[in-house]
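**Student:** For the protein sequence lines, the chains are Y and U, in the order given.
For the first sequence, the numbering used here assigns the number -1 to the initial residue and increments by one for each residue that follows.
For the second sequence, the numbering used here assigns the number 3 to the initial residue and increments by one for each residue that follows.
Worth flagging that the hints you see were computed from the coordinates, not collected in a lab.
Do not rely on the hints blindly, as some may be mistaken.
Claimed, not checked - Straight-line Cα separation of at most 25 Å, SDA-like style, residue types lysine to any residue; simulated pairs: (1) Y:K12 to Y:H83; (2) U:K63 to U:N77; (3) Y:K39 to U:E22; (4) Y:K64 to U:K63; (5) Y:K39 to U:K70; (6) U:K51 to Y:H83; (7) U:K51 to Y:S81; (8) Y:K39 to U:P115; (9) U:K70 to Y:T73; (10) Y:K39 to U:E17; (11) Y:K39 to U:R79; (12) Y:K62 to U:Y104; (13) U:K70 to Y:G99; (14) Y:K12 to Y:D25; (15) U:K70 to Y:S41; (16) U:K51 to Y:Q40; (17) U:K51 to Y:S3; (18) Y:K39 to U:Y104; (19) Y:K39 to U:T7; (20) U:K51 to Y:G98; (21) Y:K18 to U:K51; (22) U:K63 to Y:D25; (23) Y:K62 to U:K70; (24) Y:K39 to U:Q4; (25) U:K63 to Y:S41; (26) Y:K39 to U:F65; (27) Y:K39 to U:S72; (28) U:K70 to U:L48; (29) Y:K12 to U:K63; (30) Y:K12 to U:T112; (31) Y:K53 to U:V15.
Every value quoted in this text rests on a predicted model; they were computed, and no experiment measured them.
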Amino acid sequence: GAVVSQHPSWVICKSGTSVKIECRSLDFQATTMFWYRQFPKQSLMLMATSNEGSKATYEQGVEKDKFLINHASLTLSTLTVTSAHPEDSSFYICSAAPQGGALHFGNGTRLTVT
Amino acid sequence: AQSVTQPDIHITVSEGASLELRCNYSYGATPYLFWYVQSPGQGLQLLLKYFSGDTLVQGIKGFEAEFKRSQSSFNLRKPSVHWSDAAEYFCAVGASTGNQFYFGTGTSLTVIP
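Work out the full structure, taking the sequences as your base and the hints as a guide.
**Tutor:** Below, the structure written as structure tokens:
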């Protein structure tokens, strides 16, 4: 079945540094990928839609300059949290769907900013 | 407006007992419906989906769900719960491609021996 791989699974960084999270579709091509943020014991919040070869579409309230998204190929999207602060600490999850199929999710990245 | 409601925030069942997790949706078009499971610290795993056809769908791990259009519901069931089923369960509705996906707030399942 469709597999979405996300890396790293966890990362700890210092305040002010940047962190890059990768999301790969392993056995299908994805022109669109999605980035979610999940707060403890809450549901997923869609942050942005990553579009291969064009700019990402951000949801209202999400800072595009803080959360940089790049979708350079049909199998890879990256989310870079720039100048991270403790309030950016969260669980970030990406997803993608094969053509006509259901969304599949990566295993998530636990970001802790100290 | 599109939305998904999972009325039960937390459910506790005994191992071996049956389980039903409720999901109600509001969606303007023909809905695609999904159930996902999330173990602690993990991403979401697709349990099952309904696109069309038979309204009773079978999924992985012995789960099934029934689409009832008249009730705008898509409840998840399992005849006999195992301790490993303890997790967070999310119902979702939307287009299959994800850009109009709406998640419920989740139901946390605890299984007691």
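**Student:** All the hints need checking, so say for each whether the structure fits it.
**Tutor:** Evaluation of the provided hints:
no.	hint	in the structure
1	Y:K12 to Y:H83	holds, 8 Å
2	U:K63 to U:N77	holds, 16 Å
3	Y:K39 to U:E22	holds, 20 Å
4	Y:K64 to U:K63	violated, 39 Å
5	Y:K39 to U:K70	violated, 28 Å
6	U:K51 to Y:H83	violated, 38 Å
7	U:K51 to Y:S81	violated, 39 Å
8	Y:K39 to U:P115	holds, 23 Å
9	U:K70 to Y:T73	violated, 36 Å
10	Y:K39 to U:E17	holds, 23 Å
11	Y:K39 to U:R79	holds, 22 Å
12	Y:K62 to U:Y104	holds, 22 Å
13	U:K70 to Y:G99	holds, 22 Å
14	Y:K12 to Y:D25	violated, 34 Å
15	U:K70 to Y:S41	holds, 24 Å
16	U:K51 to Y:Q40	holds, 22 Å
17	U:K51 to Y:S3	holds, 21 Å
18	Y:K39 to U:Y104	holds, 17 Å
19	Y:K39 to U:T7	holds, 16 Å
20	U:K51 to Y:G98	holds, 12 Å
21	Y:K18 to U:K51	violated, 32 Å
22	U:K63 to Y:D25	holds, 23 Å
23	Y:K62 to U:K70	violated, 40 Å
24	Y:K39 to U:Q4	holds, 22 Å
25	U:K63 to Y:S41	holds, 22 Å
26	Y:K39 to U:F65	holds, 23 Å
27	Y:K39 to U:S72	violated, 31 Å
28	U:K70 to U:L48	holds, 20 Å
29	Y:K12 to U:K63	violated, 40 Å
30	Y:K12 to U:T112	violated, 35 Å
31	Y:K53 to U:V15	violated, 46 Å
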